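Asker: What follows is each chain in one-letter form.
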Amino acid sequence: MIAARPVGAPGYGLVVSDALVQARGLRKSFGAVEAVRGIDVDVAPGEVFGFLGPNGAGKSSTMRMIACVSPRTGGTLSVLGMDPGADGPRIRARIGVVPQLDNLDAELSVRENLEIYGRYFGLPRRHVREKATELLEFAQLTERAGDTVEELSGGMKRRLTIARSLVNDPELLLLDEPTTGLDPQARHLLWDRLYRLKREGVTQIVTTHYMDEAEQLCDRLVVMDGGVIAAEGSPAELISRYSTREVLELRFDPERRPGAAALERHADRVEELPDRFLLYTADGERTQGDVVGAGFVPLSSLVRRSSLEDVFLRLTGRTLVD
Amino acid sequence: MAVPTVAAPSTGFAPTALGGVGRVVEHHWRWYRRNWRATAVSSILQPLLFLLAFGVGFGALVGSGPNAAAATGGVPYLVWLAPALLAMSAAQSAAFESTYPILSGFKWQRIYVAMASGPLTGAQIGLGVLSWTGLKMLGSGIVYVLVIAVFGGVAGPGIVVSLAAAVLTGLAVASLITAFAATVENEGNAFSALFRFVVIPMTLFSGTFFPVDRLPEWVRPVVWVSPLWHGTEIARGAALGTWTLVPTLGHLAVLLVLLAVGGVLVARLFTRRLAA
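Residue numbers (our numbering), protein chains in the order written: chain A, 1 to 322; chain B, 1 to 276.
It should be emphasised that the hints constitute simulated quantities derived from the structure, not laboratory data.
Don't take each hint at face value.
Unchecked claim - Computed footprint of chain B on chain A; a stretch qualifies when at least three of its residues, placed anywhere within it, have a C-beta under 8 angstroms from a C-beta of chain B:
hint	segment
1	92-100
2	104-113
3	181-193
Please read these numbers as outputs of a predicted model, since none were measured by experiment.
Cβ atoms here follow ideal geometry from the backbone N, Cα and C, with glycine treated the same way.
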């Protein structure tokens with residue numbers, strides 16, 4: 001649906017090595033509160049880039065600066081090679097935005113929402129009619145085209161919001177917490193749509209506080225905490241750099257809970273959470289055997305692969321979703 | 001693995017300053033095409049009720065004695081009242097259109113937020129909303145004039161100028177209240193205070209139902225700041241042919257200045273609110 005050309009194809013104007021988004025020392029303050037405290041970011045064409053972090057980490061503030069709706073307090077920022085402070089409307093004309101809160105016109109039909117939004121981008125009526133048909137198909141909303149938005153489910157509204165953000169064939173798509181509040185089935189359908197866009201070459205920037213979402217979608221991500229970048233890399237790189245291959249999770253009867261120190265000699269590292277211990281180890285099954293062999297009696301135990309959640313815990317000492 | 005691809009340049013571009021305002025009007029027009037029936041009923045019912053109650057009912061009480069004739073300049077009360085009602089209705093609907101619907105655009109439905117995430121600017125959005133309010137007032141004003149005509153309240157073709165004056169009055173009121181609404185964060189008491197202490201007094205004491213020279217001397221300066229009084233003077237003067245050049249130009253100038261100030265405020269405050 002989105003015209004795509006191989007990199008380097010004849011007539012291709014964009015210099016591919018140039019970053020679509022480049023930030024240096026980017027800062028944002030709201031009065032005395034510093035939401036973003038000097039971050040450096042480069043997003044390359046075609047990649048899916050993530051901001052992972054808990055609520056209040058500064059992800060959405062960063063996103064709003066990149067979306068050219070929130071002026072930066074300090075540092076430099078370029079989006080599509082332009083300065084958001086000077087060229088806001090020209091940049092916004094070429095990007096797509098999926099906001100955290102849906103802001104569809106609930107009293108218009110599904111199709112009308114797409115068409116009227118396309119008109120903001122200076123597109124001719126005929127063009128937006130055809131584009132709307134194509135996007136309805138993409139969002140699996142063709143059957144609901146004539147319904148008002150009020151009648152849609154949460155997942156459908158989200159799909160419509162994503163479809164709407166594509167009405168101008170954006171070169172860069174910004175998704176702020178795209179699946180928050182959706183059920184698992186609706187999330188997977190959305191991820192599938194985003195994956196298709198990636199294959200069509202649409203650069204995406206995603207903020208999320210779900211580690212599985214970040215792992216599913218992102219080629220590269222930064223972990224944000226307290227307005228700064230704590231780490232950067234691909235999901236696999238971050239996991240191998242900051243965690244072990246596997247994690248053994250142990251729960252104990254509160255009466256017979258051992259101290260963390262007692263478990264430490266069985267693993268590379270132990271994290272104590274309110275309800276359980278996390279033992280970081282290359283081989284979870286083996287560690288489990290060692291622990292039981294040493295006389296510990298957990299109520300339950302679980303071996304799993306390390307995830308970005310563990311990376312986050314290691315970097316910040318806190319869990320991502322409380 | 002497929003050849004890595006990069007999306008082609010976007011098809012979107014930023015509309016011109018005026019084009020952006022037009023797109024916002026177009027959005028509201030789309031909404032209207034879906035919902036015009038409800039609006040149409042109220043825009044016929046409202047003049048019908050006012051003309052029945054005040055023009056016919058209250059008008060019979062006023063009668064045509066020497067006292068009434070001195071106040072109305074000798075024309076029937078209905079004819080004297082009708083152009084002023086036209087202006088009052090525009091000012092009232094301007095006040096309604098510029099309060100809760102504006103807050104909704106920022107806060108509940110957030111359609112202004114959606115518009116601002118595309119290439120439209122805060123100023124284009126604010127002025128587009130204001131333009132739409134003006135167009136809607138023009139539409140319901142035409143209906144109002146037709147209903148007045150049915151009741152026999154039209155003295156002559158001057159009523160067309162009255163209509164223009166009514167729309168200008170409504171726009172001046174709408175611009176100021178829209179600017180105010182852009183600063184309101186939640187429903188709280190702001191709007192009910194506005195209606196209680198500004199809109200209703202303005203409706204009652206702008207010379208719609210009785211000439212303002214019947215008011216005590218000390219109240220009159222309050223009347224002079226009312227945009228509705230200035231609009232009513234033009235609307236009535238044009239309908240009855242009693243206007244004189246210099247005062248009319250004065251009233252027109254006041255309304256235009258209010259509209260200009262309101263328009264600038266709308267552009268600034270929409271921009272500020274949408275870029276936090």
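Asker: Against this structure, judge whether each hint is valid.
Answerer: Results for each hint:
no., hint, result
1, 92-100, "holds (count 6)"
2, 104-113, "holds (count 7)"
3, 181-193, "violated (count 0)"
Hint 3 from the list above is the single one not met by this structure.
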